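Protein chains in written order, with the working numbering: chain S, 257 to 662; chain R, 257 to 662; chain C, -2 to 139; chain D, -2 to 139.
It should be emphasised that the hints constitute simulated quantities derived from the structure, not laboratory data.
Everything numeric in this text was worked out from a predicted model, so none of it was measured.
Careful, some of the hints might be misleading.
To be verified - So the derived label-pair ranges between C-beta atoms look like this:
| # | chain 1 | residue 1 | chain 2 | residue 2 | range |
| --- | --- | --- | --- | --- | --- |
| 1 | S | 524 | R | 327 | 51 to 57 Å |
| 2 | D | 106 | S | 497 | 24 to 30 Å |
| 3 | S | 497 | R | 550 | 47 to 53 Å |
| 4 | R | 412 | C | 133 | 47 to 53 Å |
| 5 | S | 524 | R | 521 | 36 to 42 Å |
| 6 | R | 420 | D | 77 | 53 to 59 Å |
| 7 | S | 579 | C | 4 | 26 to 32 Å |
| 8 | D | 47 | S | 524 | 53 to 59 Å |
| 9 | S | 418 | R | 363 | 29 to 35 Å |
| 10 | S | 391 | C | 15 | 39 to 45 Å |
| 11 | S | 261 | C | 8 | 40 to 46 Å |
| 12 | R | 630 | S | 418 | 32 to 38 Å |
| 13 | S | 405 | R | 518 | 22 to 28 Å |
| 14 | S | 418 | R | 337 | 53 to 59 Å |
Unchecked claim - In silico PhoX-like pairs for lysine-lysine, Cα to Cα no more than 25 Å straight-line:
| # | chain 1 | residue 1 | chain 2 | residue 2 |
| --- | --- | --- | --- | --- |
| 15 | S | 655 | S | 275 |
| 16 | D | 42 | R | 275 |
| 17 | R | 304 | S | 304 |
| 18 | R | 394 | S | 644 |
| 19 | D | 42 | S | 330 |
| 20 | S | 330 | S | 655 |
| 21 | R | 330 | C | 103 |
| 22 | S | 275 | R | 304 |
The beta-carbon is built from N, C-alpha and C at its ideal position, and this holds for glycine as well.
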Amino acid sequence: MLSLTQIREDFPILSRTNKSGEKLVYLDNAATTQKPNQVIDTISNFYKNHNSNIHRGIHFLGVEATELYENTRKKVRDFIGANHTEEIIFVRGTTEGINLVASSFGSSSITVGDRILITGMEHHSNLIPWQQLARQKKAHLDIISVSSNGEINIEEVSSKITNDTKLVAISHISNSLGTINPVEEVIQIAHRRGIPVLVDGAQAVGHQPVNVNSLDCDFYAFSGHKMFGPTGIGVLYVKEEYLSQMSPYQFGGEMIRSVTYEDASFADLPHRFEAGTPDIAGVVGLGAAIDYLHSIGLDKIKAYTEDLSLYMAKKLSTIEDLQIIGKPQFRGSIVSFNFDQIHPHDVATILDEKGIAIRAGHHCTMPLMQSMNIPGTSRASVAFYNDKNEIDILYEALKAVKNIFN
Amino acid sequence: MLSLTQIREDFPILSRTNKSGEKLVYLDNAATTQKPNQVIDTISNFYKNHNSNIHRGIHFLGVEATELYENTRKKVRDFIGANHTEEIIFVRGTTEGINLVASSFGSSSITVGDRILITGMEHHSNLIPWQQLARQKKAHLDIISVSSNGEINIEEVSSKITNDTKLVAISHISNSLGTINPVEEVIQIAHRRGIPVLVDGAQAVGHQPVNVNSLDCDFYAFSGHKMFGPTGIGVLYVKEEYLSQMSPYQFGGEMIRSVTYEDASFADLPHRFEAGTPDIAGVVGLGAAIDYLHSIGLDKIKAYTEDLSLYMAKKLSTIEDLQIIGKPQFRGSIVSFNFDQIHPHDVATILDEKGIAIRAGHHCTMPLMQSMNIPGTSRASVAFYNDKNEIDILYEALKAVKNIFN
Amino acid sequence: MSDNLKSLYHEVILKHNSDPQNFKKREDAKYIIEAYNPVCGDQFKLYFDLDGNTISNLSFHGYGCAISKSSASILTTLLNGKKVEEFININDLFNNVLSGKPLNDKIPEELLAFTPVIAHPGRIKCVTLGWDSLTEFLNSEK
Amino acid sequence: MSDNLKSLYHEVILKHNSDPQNFKKREDAKYIIEAYNPVCGDQFKLYFDLDGNTISNLSFHGYGCAISKSSASILTTLLNGKKVEEFININDLFNNVLSGKPLNDKIPEELLAFTPVIAHPGRIKCVTLGWDSLTEFLNSEK
Ligand SMILES: Cc1ncc(COP(=O)(O)O)c(C=O)c1O
Ligand SMILES: Cc1ncc(COP(=O)(O)O)c(C=O)c1O
């Protein structure tokens, strides 16, 4: 078990109240997580003591800032079990990471008639880049269907991989249903045919141990703000084998080796992919988030949040007229649900009045909602600072919602 | 005059010392500026009290965060004199802003045989995107030459604009020479031929009043970290007329109107250009930087820093064997210089030992350095928190450098 | 139930939500316009004719939250058979109320049920969804 | 002048900077290799022959800061006529010194002039520029 009182003290926002004086019950962790003082103070401390541009600075601040920045790259490497620091590219977030792959890998490796395979539960960030790439290249986008339980069928993965398939892209954990996808199996199947796999890890990193080496994925993208770190920073892991083939994504300072007016040659990896001044403070803050997660332990975090989320799914399912949307065998920290006759936005607004923050809508998975024939869901998502008491508060509030509409 | 003691107290890093106990004299402001407590505390306060994802949140934190984020867009609009909030796109920095234009505007408006006109003093971020776009589109990149004083000739601008010229891109202030370019005149000339102009404002914003409306530029890019704001955030201004023609740059959440597995339609401006979770805290911090700059006054800042920089240029030019590189009529806060026989990196290292932070190298303007036949320069750049006493310390230290090598 | 909740989901809203007025498709309507909120996914159609300057046979159909649905329902009850100018006038008054301005003129009482939504800026668009679409249509017809 | 400065720009460095040894182009050298530091712009060429295992006629030319230039100059004085293994040995010792490890073996005294550079991590590459290129070349020749 975690020492919850201690942990909650690390997150100052958890003592916020809403306008009616109701205490915040933050259950919107899938949208963004809260930040511990350790992260907030690291960012302040960076600006107060070490702020400088990096890589080219000879002065002591430049040296300090560069060290903090590059040490975080090592931390990230170790955190996700990558082999090389070169494989760690700092980006704005999951969305930019996937766009980078779609642009750089996509432009060289996808051509007319090729196929890209994704699942039907992907976040728009792991759907639209591939959809638009396919349109542009006259390639095809294939969709692995999602069962009413919110799961994919591993046989369908096999059968939908063709000789023309050039990439498989799949979310580690579904942000709208909570499904933990069988990414290891998908990767094995794809690799048997020599096809690289991109994993959208936005909902996994920070909630469970993730090891890109044992997963053997080829691309892995995640966001700092969803793992208790700062907004504006994320990571794209690219396996060395693909990295060296990829052309730069953006052009500018820090990513070149040599330039004339006519042409440019590009810097070593990974700097080639980090054009311009990066979010230095964001990177340093991300490092603090990793340290913080280590200090609690990711195995513990996984056990605790999955238990909490199962408790939530079970408890909410006892409410009359409430359906849990997605009943996967393996569930992350997310539970989606709907009332028969009450719109998710009305649910969320009434909960908001009670200080409970959940999300309502299509959760950037519109086509999934269309395929399930629902306009959206209410979604509650936990983190390790939540507890069963908060779930009970949610439960009571949802019963009150029902009463208002009856 | 500014109240320097008060201002310096706002910047905690200014009391840092180096390993030898020498007090920091920060003259590397062109690389990145330092941040006042007002900015640092705003970021902390955001994370401690308002952190949430934005735009789709119904709960009170989501409302607060969205309001803070979108209010900053209004602040930026007013700060640079834009007409519409839609014209303000948040990006990582100048580099990403220019890459966005090169990709979105470039892909639709530049074709075989077209020409793009830039100056010879552009930062790599305002050179390589155009160079690579030109290569990709079989278009041509034309270069306005830079005089030995570090200036462009306005007649050459006229003569280098042809019927095939589709874009002019020019820095407001040169980051390696300090030259304030005659952007108004360039824009007038280009507009007479119906050609849009992009201005790289990285070195101008925060150091002088900038008004995109009176400039009448079509694109204007700048970085938060160079205007006393956070790293990882910047702004691209796009005049409405061009904005509506431009296709999205990255694809993902927050930038769509409606999505199926087969296709997507895109959100209203400016959200169409802000895919994924943005750097929310960075944006809010940028707003605090704007407030801070307003509280001092940009006219005062301009007068003060330009006076300081002229003082510096004059004083350093009295040192024997020291050449000022670039002697423009109008100088921003930057002075580049070289000793006859001493390498810029050696200069910077010796100054570092004395606590003085300057930059040495090509300053991401390699082709300019090649054209001037120098490997780089030492560059000292001031901000409104510097003073003449610090310039005098620099002066004495440079004389010491000369002594070491003699 | 707290007072806040009572007032936010006022009985007027709840009534129109569970029993929306003029809630029907009419494919032969002279005008069919869409009211879509991409943020929520709320999606209604408004059906009506224009006899000269008079809005007639106004109905709506579609899917949305209680707030957007009840607001659209009230829209149809208030404005069927009214002149375009009357719609514009009421719409202006309604927008004033929703932006928190003091109320000088008379406004149909049902609309006051939506004032507590002001405290939830993310939901204002739900209130105005149908109204905005009709305004936009009328503006484009000018 | 502070003690720090004295030691950082040691007279050995200053001497080799103002009067670099074996500073000449030799286009007919058996091997010409480039030493380029994209961060600083330092750019040297090393010219040498290999007689079996022996490095001979070692010279260098190009442009760089005092540290990279003096280090390259010392490299040529120390290693001309030496065996490849000796270079590797000295290079390893030198790298140990520069990474702050305690010194067990004897190392040519001139090289100790560079130890203060350890405090300036951004400049270490200047010290090792020529050495690294030679190492890389020898590794690729294996
Ligand atoms: C003139 C100019 N343009 C562009 C840039 C790039 O800005 P950033 O690195 O913040 O993207 C800089 C900063 O180095 C600059 O000085
Ligand atoms: C599964 C999944 N993928 C991608 C994203 C996009 O992440 P970001 O908005 O940080 O780029 C999210 C976050 O909403 C997500 O949940």
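Starting from the range 39 to 45 Å, see whether the pair residue 391 of chain S and residue 15 of chain C falls in it by beta-carbon distance.
44 Å, holds
Within a Cα-Cα threshold of 25 Å, do residue 42 of chain D and residue 330 of chain S meet the stated pairing?
The hint is violated at about 33 Å.
That 26 to 32 Å hint for residue 579 of chain S and residue 4 of chain C (C-beta), does it hold up?
With Cβ atoms ~29 Å apart, the hint holds.
Quick check: does the Cβ-Cβ distance between residue 106 of chain D and residue 497 of chain S fall within 24 to 30 Å?
46 Å, violated
Are residue 275 of chain S and residue 304 of chain R close enough, with their CA atoms no more than 25 Å apart?
17 Å, holds
Against the 25 Å threshold, does the CA-CA distance of residue 394 of chain R and residue 644 of chain S hold or violate the hint?
Between residue 394 of chain R and residue 644 of chain S the Cα gap is close to 62 Å, so the pair fails against 25 Å, i.e. violated.
Given hint residue 275 of chain S paired with residue 655 of chain S - CA-CA distance at most 25 Å:
22 Å, holds
Assessment of proposed distance window 53 to 59 Å (beta carbons of residue 47 of chain D, residue 524 of chain S):
The hint (53 to 59 Å, Cβ to Cβ) is violated, given that residue 47 of chain D and residue 524 of chain S are roughly 28 Å apart.
Decide if the proposed pair is consistent with the structure: residue 330 of chain R and residue 103 of chain C, CA atoms, cutoff 25 Å inclusive.
Distance of about 34 Å is beyond 25 Å: violated.
Evaluate the given range 51 to 57 Å for the C-beta pair formed by residue 524 of chain S and residue 327 of chain R.
41 Å, violated
Can you tell me whether the CB distance of residue 630 of chain R to residue 418 of chain S sits inside 32 to 38 Å?
Since the Cβ atoms of residue 630 of chain R and residue 418 of chain S sit about 57 Å apart, the hinted range of 32 to 38 Å is violated.
Between residue 405 of chain S and residue 518 of chain R, does the beta-carbon spacing fit 22 to 28 Å?
The hint (22 to 28 Å, Cβ to Cβ) holds, given that residue 405 of chain S and residue 518 of chain R are roughly 25 Å apart.
Hints 1, 2, 8, 12, 16, 18, 19, 20 and 21 from the earlier list are contradicted by this structure; the remaining hints agree with it.
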